[in-house]
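Peer 1: Listed here are the chains, written in short residue letters.
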Amino acid sequence: MPVNICVLAKQVVDPEMPAAAFRIDPDARQVVPPANIPPVVNGFDENAVEAALQIKDEQGANITVISSGTTFALDVMKKPLSMGADELVLLQDDAFANSVDSFFTVQLLTAAINKLGGFDLIICGRQASDWDNAQVPLGVAETLGMACITLGKKVDVQDSKVVVERLAPDGFEVVEADMPALVTVSNELGQPRYPTLRGIMAATRKRPTVWTTGDLDIDDARLEPRLTLHDLFVPERDQDCEIIEGDDDIDAARRLALRLREDRLI
Amino acid sequence: MADATGILVFGDAPDGQLASTAQELLAAGRSLADALNQELAVAVIGSDVADAPQQAIAHGADKAYAVTSPALADYHPDLYLSAMQTVAAEANPGIILIARNNEGRELAPRLAFRLGVGLAQDCLEVSADAGTGRLLANRPVYGGSAIAVVSCTQTPQIAAIRPKTYEPMDADAGRTGQVVAFPVDIDAGAAKTRVVDVVKEEAEGIKLEDARIVVSGGRGLGGPEPFSQLEELAGLLGGAVGASRAAVDSGWVPANYQVGLTGKTITPDLYITVAISGASQHMAGCSGSKAIVAINKDADANIFKEARYGVVGDWEKVIPALTETVRELTQS
Numbered sequence: 001m002p003v004n005i006c007v008l009a010k011q012v013v014d015p016e017m018p019a020a021a022f023r024i025d026p027d028a029r030q031v032v033p034p035a036n037i038p039p040v041v042n043g044f045d046e047n048a049v050e051a052a053l054q055i056k057d058e059q060g061a062n063i064t065v066i067s068s069g070t071t072f073a074l075d076v077m078k079k080p081l082s083m084g085a086d087e088l089v090l091l092q093d094d095a096f097a098n099s100v101d102s103f104f105t106v107q108l109l110t111a112a113i114n115k116l117g118g119f120d121l122i123i124c125g126r127q128a129s130d131w132d133n134a135q136v137p138l139g140v141a142e143t144l145g146m147a148c149i150t151l152g153k154k155v156d157v158q159d160s161k162v163v164v165e166r167l168a169p170d171g172f173e174v175v176e177a178d179m180p181a182l183v184t185v186s187n188e189l190g191q192p193r194y195p196t197l198r199g200i201m202a203a204t205r206k207r208p209t210v211w212t213t214g215d216l217d218i219d220d221a222r223l224e225p226r227l228t229l230h231d232l233f234v235p236e237r238d239q240d241c242e243i244i245e246g247d248d249d250i251d252a253a254r255r256l257a258l259r260l261r262e263d264r265l266i
Numbered sequence: 267m268a269d270a271t272g273i274l275v276f277g278d279a280p281d282g283q284l285a286s287t288a289q290e291l292l293a294a295g296r297s298l299a300d301a302l303n304q305e306l307a308v309a310v311i312g313s314d315v316a317d318a319p320q321q322a323i324a325h326g327a328d329k330a331y332a333v334t335s336p337a338l339a340d341y342h343p344d345l346y347l348s349a350m351q352t353v354a355a356e357a358n359p360g361i362i363l364i365a366r367n368n369e370g371r372e373l374a375p376r377l378a379f380r381l382g383v384g385l386a387q388d389c390l391e392v393s394a395d396a397g398t399g400r401l402l403a404n405r406p407v408y409g410g411s412a413i414a415v416v417s418c419t420q421t422p423q424i425a426a427i428r429p430k431t432y433e434p435m436d437a438d439a440g441r442t443g444q445v446v447a448f449p450v451d452i453d454a455g456a457a458k459t460r461v462v463d464v465v466k467e468e469a470e471g472i473k474l475e476d477a478r479i480v481v482s483g484g485r486g487l488g489g490p491e492p493f494s495q496l497e498e499l500a501g502l503l504g505g506a507v508g509a510s511r512a513a514v515d516s517g518w519v520p521a522n523y524q525v526g527l528t529g530k531t532i533t534p535d536l537y538i539t540v541a542i543s544g545a546s547q548h549m550a551g552c553s554g555s556k557a558i559v560a561i562n563k564d565a566d567a568n569i570f571k572e573a574r575y576g577v578v579g580d581w582e583k584v585i586p587a588l589t590e591t592v593r594e595l596t597q598s
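So the protein sequences, as listed, match chains A and B. In terms of our numbering, the first sequence opens at residue 1 and continues consecutively. In terms of our numbering, the second sequence opens at residue 267 and continues consecutively.
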């Protein structure tokens, strides 16, 4: 039986953009997406797609990618399909502008997962590179009452259970759970594969399912915000760097050592 | 919940000693408790917490719950959550603080969702709003490029505090408080996951998190070999070696070398960065360093905006000369 897998993926502003391109709108309390730099699929979520594809390669799987947001760059969000995922579901609603509030996002995602009939395995990136909340996967697991294993660097399915190599501060541990289960993965899982030409062609023909909040069955009380954003600002850096100069790099290095000694740092 | 008041801090006590992260939470909690004129309670969880509750009182708590069960001998998120939920119901706090350490990364969001409330994640600073008495939390977002100030709309208000952002208070054995024995009935069979193996990949020498001096290498090193030069320099300085995520993702060093947002948080006295550009995601793990040295050939690299000392130069020339001079200085 192919494993029925769901991957949660988010569209984010490119975290590799030059620091100078990072701007916020203080009045709207939002980050202004840079004009000439396209958004990307959150890096850890690409690791999640890769983990799902490895299971698909091994024993067969049907992979549904679910994403939530206000707007989508469809060519960007189709990347998991071109890598080899099967279905794409986009939860699109202006309400997602409040992306600070993971609770809200989880209500939408879990309602969509229930509407799709549930999954054997949900794989997520450990956190999104925009709000760095690292809450949505854990909230989905709690809300759906699923077993939850975080920070995976390897994910295997063996019969009815999932076996995960989980990062620990001094190595890793092997953790298993009966499915259904939710696993978060980290960059230590390894480079996600590149889309193949055939994958890109197939993805072009696929149409995502698009739902809004109204299409989902959610108790209104659970849509009330749990977090309020009061301010968003770029922190000031007040460090004045003392550039140690010398006749050449070797001389500068010697002077650096002497300077550190003088300041009793070494 | 009505009448919820006070601050509840969750602390762990491996080997019966109150963890440093718990001491940091108590420092954060104490300042909130004093500002709000409320009680600061701590819940120490384990199978046998020894005198860690008493240590917590010396570090600022007014009340300490010794939350014990034989099922809590080893950390298991499902079982610890169950204990946390039970003690939270008993203490009925207005504010809960949890360390965003390896365990807190999963416990804090899960507890918040279980209670149906919001979580201020990865906070650098928490304070009480003078007007409303509500918790205000400063937290880095976008990899540390911006700071968001957030508050929770429900009660309890929960904040996860980034380790090493609060300085523990000095222990004062003269402080008095109430220790409450709080045995909990935990069903070990309720755990939905099982740890079947533990693999240690400990680096040799001093631990990165504890080192007073750290030397880290980044993408610009170009391969794994240069790290042996960094090991030599760190060895002379009695320090440890770290790395940026780029170096880890390239497979040059193991994952537990990684300093940064998704790696380790370090606060050494001296942090020497070699061929690291200083992306905000990296700085998130080391910005508490007392002095940062930047060695990078790109004078425009962000790391020079964060460093106290900089050398604009080629690491292949700088590191051997630096190492040699350090050898002369430390052995003379």
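Take the hints with a grain of salt, since some may be wrong.
Said to hold, decoys possible - Distance condition first, Cα-Cα at most 25 Å in a straight line; then the derived BS3-like pairs of lysine-lysine:
#1 Lys571(B) with Lys556(B)
#2 Lys153(A) with Lys473(B)
#3 Lys430(B) with Lys571(B)
#4 Lys530(B) with Lys161(A)
#5 Lys473(B) with Lys530(B)
#6 Lys154(A) with Lys571(B)
#7 Lys154(A) with Lys115(A)
#8 Lys583(B) with Lys563(B)
#9 Lys153(A) with Lys56(A)
#10 Lys153(A) with Lys466(B)
#11 Lys153(A) with Lys458(B)
#12 Lys154(A) with Lys556(B)
#13 Lys206(A) with Lys56(A)
#14 Lys530(B) with Lys583(B)
#15 Lys556(B) with Lys473(B)
#16 Lys430(B) with Lys458(B)
#17 Lys115(A) with Lys206(A)
#18 Lys56(A) with Lys161(A)
#19 Lys458(B) with Lys154(A)
#20 Lys530(B) with Lys556(B)
#21 Lys430(B) with Lys583(B)
#22 Lys329(B) with Lys466(B)
#23 Lys329(B) with Lys153(A)
#24 Lys430(B) with Lys556(B)
Source of the hints: derived by calculation from the structure; they are not laboratory data.
Peer 1: All hints are to be evaluated individually against the structure, with a verdict given for each.
Peer 2: Comparing the hints with the structure gives:
no., hint, in the structure
1, Lys571(B) with Lys556(B), "15 Å, holds"
2, Lys153(A) with Lys473(B), "22 Å, holds"
3, Lys430(B) with Lys571(B), "22 Å, holds"
4, Lys530(B) with Lys161(A), "30 Å, violated"
5, Lys473(B) with Lys530(B), "11 Å, holds"
6, Lys154(A) with Lys571(B), "37 Å, violated"
7, Lys154(A) with Lys115(A), "29 Å, violated"
8, Lys583(B) with Lys563(B), "11 Å, holds"
9, Lys153(A) with Lys56(A), "17 Å, holds"
10, Lys153(A) with Lys466(B), "15 Å, holds"
11, Lys153(A) with Lys458(B), "20 Å, holds"
12, Lys154(A) with Lys556(B), "36 Å, violated"
13, Lys206(A) with Lys56(A), "19 Å, holds"
14, Lys530(B) with Lys583(B), "29 Å, violated"
15, Lys556(B) with Lys473(B), "18 Å, holds"
16, Lys430(B) with Lys458(B), "31 Å, violated"
17, Lys115(A) with Lys206(A), "20 Å, holds"
18, Lys56(A) with Lys161(A), "15 Å, holds"
19, Lys458(B) with Lys154(A), "19 Å, holds"
20, Lys530(B) with Lys556(B), "16 Å, holds"
21, Lys430(B) with Lys583(B), "34 Å, violated"
22, Lys329(B) with Lys466(B), "37 Å, violated"
23, Lys329(B) with Lys153(A), "40 Å, violated"
24, Lys430(B) with Lys556(B), "12 Å, holds"
Violated hints for the displayed structure, listed by number in ascending order: 4, 6, 7, 12, 14, 16, 21, 22, 23.
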